[in-house]
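Participant: Sequence lines, in order, name chains U and P.
1 is the number of the first residue of the first sequence in this note's numbering; add one for each residue after it.
1 is the number of the first residue of the second sequence in this note's numbering; add one for each residue after it.
Please keep in mind that the hints were generated in silico from the structure rather than gathered at the bench.
For glycine and all other residues, C-beta sits at the position ideal for the given N, C-alpha and C.
Don't take each hint at face value.
As the list claims (entries may be wrong) - Quick list of in silico lysine-lysine cross-link-like pairs, DSSO-like style, CA-CA up to 27 Å:
hint : chain 1 : residue 1 : chain 2 : residue 2
1    : U       : Lys46     : U       : Lys80
2    : P       : Lys97     : P       : Lys110
3    : U       : Lys46     : P       : Lys4
4    : U       : Lys73     : U       : Lys47
5    : U       : Lys80     : P       : Lys18
6    : P       : Lys109    : P       : Lys97
7    : U       : Lys46     : U       : Lys73
8    : U       : Lys80     : P       : Lys4
9    : U       : Lys73     : P       : Lys4
10   : U       : Lys80     : U       : Lys47
Claimed, not checked - With the Cβ distance kept under 7 Å, some of the chain U side facing chain P (calculated, not the full set):
hint : residue
11   : Asp17
12   : Ile23
13   : Gly30
14   : Ile136
Here are the chains, one letter per residue:
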Amino acid sequence: MDSFNFSEVSALVIEPDRFSYGIIGQILRGYGLEDLVLITTGGEAKKLLPGGRFHLLLTESLLPDMAMTSLLKWIRRHPKNEVRFLPVVMLTGYAQFSRVTTARDAGVNSVVCKPVAPVTLFDHIMRAARPDRAFIDADDYAGPCRRFHDNTPDPEQSRRASDHPMEAFRLSGPGRGL
Amino acid sequence: MAVKVTPVPNRLGTLLRKPGGISRDMALAAAGHNVERLREEFVGAIPGEIAALEELLAACGAGNVSPDILDAMLRRAGQILTLSGTYGYDPLDTVVKRFCDLAIGMIEKKIGDAAPVGVHLRAMRLVCPGAPELPPDEIADMLAGLSRVHAHYGVGREG
Numbered sequence: 001m002d003s004f005n006f007s008e009v010s011a012l013v014i015e016p017d018r019f020s021y022g023i024i025g026q027i028l029r030g031y032g033l034e035d036l037v038l039i040t041t042g043g044e045a046k047k048l049l050p051g052g053r054f055h056l057l058l059t060e061s062l063l064p065d066m067a068m069t070s071l072l073k074w075i076r077r078h079p080k081n082e083v084r085f086l087p088v089v090m091l092t093g094y095a096q097f098s099r100v101t102t103a104r105d106a107g108v109n110s111v112v113c114k115p116v117a118p119v120t121l122f123d124h125i126m127r128a129a130r131p132d133r134a135f136i137d138a139d140d141y142a143g144p145c146r147r148f149h150d151n152t153p154d155p156e157q158s159r160r161a162s163d164h165p166m167e168a169f170r171l172s173g174p175g176r177g178l
Numbered sequence: 001m002a003v004k005v006t007p008v009p010n011r012l013g014t015l016l017r018k019p020g021g022i023s024r025d026m027a028l029a030a031a032g033h034n035v036e037r038l039r040e041e042f043v044g045a046i047p048g049e050i051a052a053l054e055e056l057l058a059a060c061g062a063g064n065v066s067p068d069i070l071d072a073m074l075r076r077a078g079q080i081l082t083l084s085g086t087y088g089y090d091p092l093d094t095v096v097k098r099f100c101d102l103a104i105g106m107i108e109k110k111i112g113d114a115a116p117v118g119v120h121l122r123a124m125r126l127v128c129p130g131a132p133e134l135p136p137d138e139i140a141d142m143l144a145g146l147s148r149v150h151a152h153y154g155v156g157r158e159g
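Full structure from sequences and hints, please.
Facilitator: And the structure:
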């Protein structure tokens, strides 16, 4: 894929940190994503998401009003497909990095370590946009298939040890086993 | 309940693939430019964020700090890390991460001594934007001092 069209994408961002909130908003606008709703609590998200308007959720791991896992489980068990299958990218701070495994087990598509750099966020959104990741419904888990792999992160490409799945996104197709 | 595997129609992917978009390089350049436009305002806010940490500590009194206050300080420190990491203030970034390691360790080990917290806040002031720039050897000495504090309390990487 040579170009990416964010013009019709709607994103919901939950970010209580006002600086991170401002930076993420500016990054997304730089991509060309204009339909952006920035909120600070999980409660607001629960009111807005059932409308089915959003194509992407970016959320901080530490919410002021509820546990992230609680919001994720609500999303992944929601009766509406537009909510249940929503791509979710979680943002996590230095002090909360131990929550990555918990978040994965609660059903996020991808985890980004803060501070968020434009290149890192872009690549993680592309990961969340991949069409070849099935949704799993089981007793103890609902969310994107966790048997999902892509290229080894290139430490030269990022300030953080984040994945850079662009090549996998470009080359995605049946049979790659991701 | 049996495990059900459902191929998902990815609305996001479908929209991103529509014609008329921009290249990855163009998107990243525009995003980087937008972030830079916030630099002056956001970097200017860092001293106030450190002051907020100092106020939290000062409110404790009696040389003790509670786990709740440490938790509140960790959240606030995360905001400073957003700014130091985004705008390239590496010494401050390192000191704030050391502070986070300390606070996490103190919560885990139920340590309530406010003194090591105060030491880290003073170190933040030394490498805060607007402070006189420290030579690299003085920064190294300061970080070594913080490491000794961590070792004394048995927290962080030295713990």
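Participant: Hint check: Lys80 of chain U vs Lys47 of chain U, CA-CA at most 27 Å. Holds or violated?
Facilitator: Holds, at about 14 Å.
Participant: Holds or violated: are the alpha carbons of Lys46 of chain U and Lys80 of chain U at most 27 Å from each other?
Facilitator: 13 Å, holds
Participant: Check the hint pairing Lys80 of chain U with Lys18 of chain P against an upper bound of 27 Å on the C-alpha distance.
Facilitator: Cα-Cα ~25 Å, so holds.
Participant: What's the verdict on Lys109 of chain P and Lys97 of chain P, does the C-alpha distance respect the 27 Å limit or exceed it?
Facilitator: 18 Å, holds
Participant: With 7 Å as the cut and Cβ atoms as the points, is Asp17 of chain U at the interface with chain P?
Facilitator: OK, holds: Asp17 of chain U within 7 Å of chain P, min 5 Å.
Participant: Keeping to a limit of 27 Å between CA atoms, is the pair of Lys46 of chain U and Lys73 of chain U held or broken?
Facilitator: 12 Å, holds
Participant: Any CB of chain P closer than 7 Å to the CB of Ile136 of chain U?
Facilitator: Status holds, d = 6 Å.
Participant: Given Ile23 of chain U was flagged as interface, is its beta-carbon under 7 Å from a beta-carbon of chain P?
Facilitator: 6 Å, holds
Participant: Would you mind confirming whether the straight-line C-alpha gap from Lys80 of chain U to Lys4 of chain P stays at or under 27 Å?
Facilitator: 17 Å, holds
Participant: Given the hint that Lys73 of chain U pairs with Lys4 of chain P, does the C-alpha gap stay at or below 27 Å?
Facilitator: 17 Å, holds
Participant: Regarding the pair Lys73 of chain U and Lys47 of chain U, is the alpha-carbon distance no greater than 27 Å?
Facilitator: Roughly 15 Å separates the two Cα atoms, so the pair holds.
Participant: Straight-line Cα separation of Lys97 of chain P and Lys110 of chain P no greater than 27 Å?
Facilitator: 19 Å, holds
In this structure, none of the earlier numbered hints is contradicted; all agree with it.
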